[in-house]
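> Sequence:
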Amino acid sequence: MKLCCFFNYPPLYRQSIYKRIDDTFDCQFYFGREVEGTTNSGIKKLDFSIFKRCPKEFDNLMVFGRYLWRRKLLRLAFSSNDTFIVTGDFCWTYLPFLFLCKLIGKRVYAWGHGEKSNKRKAWKFEKYIYRWLTGYFTYGNGGRKRLMEFGIPGEKIHVIYNSLVDHIDGASNIALKSDILKKHFGNGNPTIVFIGRLTPQKKLGRLLDMMYAHRCQGLQYNMLIIGDGCEMESLKKKAAKYELTDTIWFFGECYEGTELNTLLYNSDLCVSPGNVGLTALHTMQYGVPVISHDDFETQMPEYEAIIPGKTGALFKKDDMHSMIEVVAGWLSNHSSLENRNVTREECYAVINEYFNSTYQIELLKKVLKK
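The working numbering numbers the first residue of the sequence shown as 1 and each following residue consecutively.
By construction, these hints were calculated from the structure, which means they are not laboratory data.
Please note: incorrect hints may appear among the correct ones.
Unchecked claim - Calculated cross-link-like contacts (lysine-lysine; reagent style BS3-like; alpha-carbon spacing at most 30 Å): (1) K56 with K45; (2) K182 with K145; (3) K72 with K237; (4) K370 with K52; (5) K182 with K310; (6) K236 with K45; (7) K310 with K102; (8) K156 with K102; (9) K366 with K56; (10) K127 with K310; (11) K56 with K2.
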């Protein structure tokens with residue numbers, strides 16, 4: 001089998017699974033130079049030197065400022081590759097490509113969210129794209145459910161989840177235990193962390209609104225915000241307005257390294273007011289539980305890693321009172337060292353069971369080698 005992976009962008013966070021694919025299959029990767037519709041995605045690219053065969057790049061073009069066209073995809077139908085995995089957010093390029101592959105007898109799998117909503121109006125030609133696909137790998141069970149409601153046979157849909165790492169070794173993580181946060185803040189209060197891009201969609205201003213409300217109620221904790229983005233300055237202004245500057249650490253952008261790992265391991269809780277996404281996986285791999293909203297229709301698929309009462313909790317979407325109450329309840333009921341250690345192990349368990357590249361590569365091998 002000669003495999004070709006044709007993905008819209010090469011994000012650094014997917015290095016683990018892409019390396020496993022490269023090691024397992026005779027594979028050629030193609031990546032878009034930029035995320036479609038942007039000149040600067042803000043997502044760090046992975047280093048192509050990790051691959052045995054250097055990936056090739058293509059342009060994500062917007063034709064007439066409206067229609068997305070992925071260059072080089074169409075000609076690949078006539079290449080020596082017999083199996084393809086393509087980015088699962090569809091565009092016009094897929095129609096002729098899939099038709100040709102179907103005609104020639106080549107297999108094409110998509111990898112993505114599936115249908116993000118069961119309420120949206122389907123694109124006129126989308127039924128043909130799904131019909132001509134050999135199969136679809138979804139990031140979560142919610143995406144699989146919505147694809148089935150859309151009319152796709154269940155046997156064609158494979159839940160592959162998402163990953164940042166191969167496996168979590170809890171014993172090794174213990175070496176990250178440190179008083180780095182206690183030294184920085186000058187107190188022993190719990191620390192709530194957020195890690196990710198600081199964008200309006202994350203609704204991070206609500207973290208500061210919540211912190212101010214909790215302080216008025218007598219609940220004291222610190223906040224660590226790791227990341228950068230267009231919301232940074234407005235968040236700093238709000239922190240000054242609420243007189244919270246001394247208890248909020250705007251750490252800035254950081255993708256990897258011992259200091260980052262140490263900061264995450266020693267945090268107590270992650271709160272994501274908007275959609276949680278990969279933030280959940282990043283913090284859980286260091287044993288940090290996650291709280292986010294409960295609107296599964298609009299959430300990112302990684303919300304499935306949140307098991308209420310074990311690896312985190314859920315509040316009513318866009319309900320500040322609910323968020324304030326749920327976070328306060330978690331800090332009150334899970335503050336003991338014994339409970340913290342139990343939660344840490346629960347986080348490791350859910351990552352090691354599903355949200356890892358070992359699970360992903362085993363599923364790919366099972367499906368593609370049939």
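> Need the status of pair K156, K102: alpha-carbon distance at most 30 Å?
Roughly 15 Å between the alpha carbons, so the hint for K156 and K102 holds.
> Does the structure keep K56 and K45 at a Cα separation of 30 Å or less?
With Cα atoms ~14 Å apart, K56 and K45 stay inside 30 Å; holds.
> Please work out if K72 and K237 have their alpha carbons no farther apart than 30 Å.
violated, 46 Å
> Please verify whether K56 and K2 have alpha carbons no more than 30 Å apart.
Measuring from Cα to Cα gives roughly 16 Å; hence the hint holds.
> Hint check: K366 vs K56, CA-CA at most 30 Å. Holds or violated?
Within the cut-off at roughly 26 Å; holds.
> Would the pair K182 and K310 pass a check requiring their Cα atoms to be no farther apart than 30 Å?
With Cα atoms ~26 Å apart, K182 and K310 stay inside 30 Å; holds.
> Is it true that the CA of K370 sits at most 30 Å from the CA of K52?
Holds, because 24 Å separates the two Cα atoms, which is no more than 30 Å.
> Does the alpha-carbon distance linking K182 and K145 stay inside the 30 Å limit?
At roughly 45 Å apart (the allowed maximum being 30 Å), K145 and K182 break the hint.
> Need the status of pair K127, K310: alpha-carbon distance at most 30 Å?
Answer violated: K127 to K310 is near 39 Å, above 30 Å.
> Holds or violated: K236 and K45, Cα atoms, limit 30 Å.
holds, 28 Å
> Straight-line Cα separation of K310 and K102 no greater than 30 Å?
Distance of about 45 Å is beyond 30 Å: violated.
Consistency note: the structure conflicts with the earlier hints numbered 2, 3, 7 and 10.
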